[in-house]
Structure formats: C-alpha cells, structure tokens
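Put chain B on the given structure of chain A with help from the hints.
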Amino acid sequence: MRPRAALQLAVVWLVALAAGCSSLKTYPNVAPENVVVRSTIESGSMLSSMRGSVHIHEVDSGCHTSYLGTVKLDRPSIALGLPAERASYLVFVFEGSSLFGGSTSSAGAGTLLKPRPGYRYEFAVSYKDSIYNVVLRESDPRRGASREVPRQELKGCPA
Amino acid sequence: MTKTTAFTAFGLLLAGCANQPQTAQEFREAIPGAFMGKVQTFEAKRPLRDVAKTFQARAPDCLNVSVRSVSQSSTSYQNILTVYKATVVSNPQKAELHLQRDFKSGVLVPGKVPPGGLYMLVADATPIDKSRTRIDIYGPSVGVDTLVRALTGWATGENLGCPDMTKS
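For the protein sequence lines, the chains are A and B, in the order given.
Sequential numbering of the first sequence, starting at 1, is according to the working numbering.
Sequential numbering of the second sequence, starting at 160, is according to the working numbering.
Chain A on its own, in the form it takes in the complex:
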C-alpha cells in the first residue's frame, strides 16, 4: 500500500469511527517497548477538539502493509514496542471535530521505521494552531548518541 493510499485509508477509518462503525483496534504492544511518543496537541479553539493517534502497520518484504492497530495519543508520553529489524509504517493522524457543526476532518503524516536492536526511538509530535510536526530521533543508550531520523515514505521502502 502506498503512503497516499495508507493515509486515505486512515482517514476512512476515522470517518467510520465517527459514524460509529469503527474498524480500528488497539495496537497489540510488543516487548520491549523501544519507542516513546511524546505529544502536545492543542486545538486552538474552544469550539473544536483535536485528537491525535498513530496507526501502525507491518510492512512485508514486498513493501505491502497490513494494519496492526492504533494507539491514541491521549497522554503526553506513550511507550510502545515495535519489532526490531522489521519495518513498520506509522501514520500519525490528527482528527478535528467541531462541537456544533457535526463535522470531522483529519490530517496526517506517515513514516517507515525499522528499529535497530538495542536502540531507542522517540517521536516528538506536536499540533498547535493548525501546524503539526512529527520528528523522530534515534538514540543508542549504550553510547549516549542520538540523531534525528528523516521521514521515510513508503515509496522509498527497500523491497
């Protein structure tokens, strides 16, 4: 599945969720917890609300994705586990809803991540004043070194 298609799918899920027919499921966490997502999400308006979540897909050797589950970003820091040395595709989605208008909309960004054994990963996710950012850092606890990892689209998936 290509990034655009994956994002569209995520959006369809959100719409389905709003309609009360969600196919979303909670991501079954994997040990060890090697990823932390730190998020600050602000709607910027008293008349609307904004929620964040991350949809997690596994990626096979042919770069095909299959949906594993979703983690709601409803706390400032959330730890989760992704299998090491296997590619995962994470789609961060920000869903807004109007308190009176009955409308929903969502925006998002996807990135591939293939965790290295023993390494830790931290996503800094922010949404403020309709501007969002997703920054990934990789750190090696043994050496204390860390680096920012550029976003990798699914179309760059090494088959």
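The set of hints was computed from the structure by calculation and includes no laboratory data.
These numbers were taken from a predicted model, which means no experiment stands behind them.
Using 20 Å as the maximum straight-line C-alpha spacing, the simulated PhoX-like pairs for lysine-lysine come out as follows:
no. : chain 1 : residue 1 : chain 2 : residue 2
1   : A       : 128       : B       : 326
2   : A       : 114       : A       : 155
3   : B       : 263       : B       : 326
4   : B       : 271       : B       : 244
5   : B       : 326       : B       : 244
6   : B       : 244       : A       : 155
For each label pair, taking beta carbons as the anchor points, the in silico distance ranges come out as:
no. : chain 1 : residue 1 : chain 2 : residue 2 : range
7   : B       : 204       : A       : 40        : 19 to 29 Å
8   : A       : 29        : B       : 192       : 50 to 60 Å
9   : A       : 84        : B       : 288       : 44 to 54 Å
10  : B       : 319       : A       : 24        : 22 to 32 Å
11  : B       : 300       : A       : 46        : 23 to 33 Å
12  : A       : 116       : B       : 318       : 26 to 36 Å
13  : B       : 191       : A       : 139       : 46 to 56 Å
Glycine included, every Cβ here is placed at the ideal spot set by N, Cα and C.
Okay, now just chain B, sitting in the frame of chain A:
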C-alpha cells in the same frame, strides 16, 4: 460557508466561470485582478539557497497529501476528497512553490482542470541580497491562513511544521 466552498467560489471568480489558469504563470497573472485574490509579500532573513532547500524538503512531506472532509447536519451531508500536489522549481535566481488542488469527489469544477488540479497558491522566492530573500505569495485572500503561516515558517526557518490541510 466552508473553506472548500470558499475556495471553489474563489476559483469560479478567478476564472470568470470560463477558463481556469492552466499554469503557475497564468495563476500569478490572474490573482492581482481577481476578486478574493491576494498577493502577500514578506522578507526572510535567510539566503535564497536556504529558503529553496527548505521548500524542497518540506513541500513534498507536508503538501502532497489527501484530505477527506465530512460534514453532516440533519438536512445535508458532504463528503469531499481532495488531493494536493506541490511542485518546487528552483535555480540560483529563484525558487517557486506551486500548490495544486484536485477535488476527487464531492465538488464539481467547471472548466478545464490543469494536470495536477486547480492552482491554489504560488510562492516565489527571489534574492534581495546575499542574506535576505523576498517571498511573494499569490493566492486567495481567505482560507489559506494556515498554509501561508507554514510557508512563512519554512521561509524564515522558524517553524518547519506542516500545515493542517483540512484548515486550508
């Protein structure tokens, strides 16, 4: 009026219900005289090459997205799928960012739609001197505040975040 409706109305006014701008240059020429059209100019205290580099890095990540918007009331239901396409063209004298918007469902667009969709916004970056760049943004006067703020952040280097295109 939703922003999509506003943008569609803007497109109709821009086109005079006839031909839509088919190129970025046609869009630039149409905006100054268009109702609800606006040209915004500001200065970034960064060299052109840095601004161009940021445009090239952020535009594909942030602007090549699809957005589905659903709104419903007791009497209506609207479901719109919009695909955005950003193009960055740069050379040592200028960097251009073109943003197009293609309504895949939920909106009827009269006239010929250029490949990639209707032109929504064009940003031109040109050097003032070695360390400053002038940015000219051509677009509608309403509904693109978030996008313009994001482009401003990219140009100045102060905020590299992506605009929520559901707000554009």
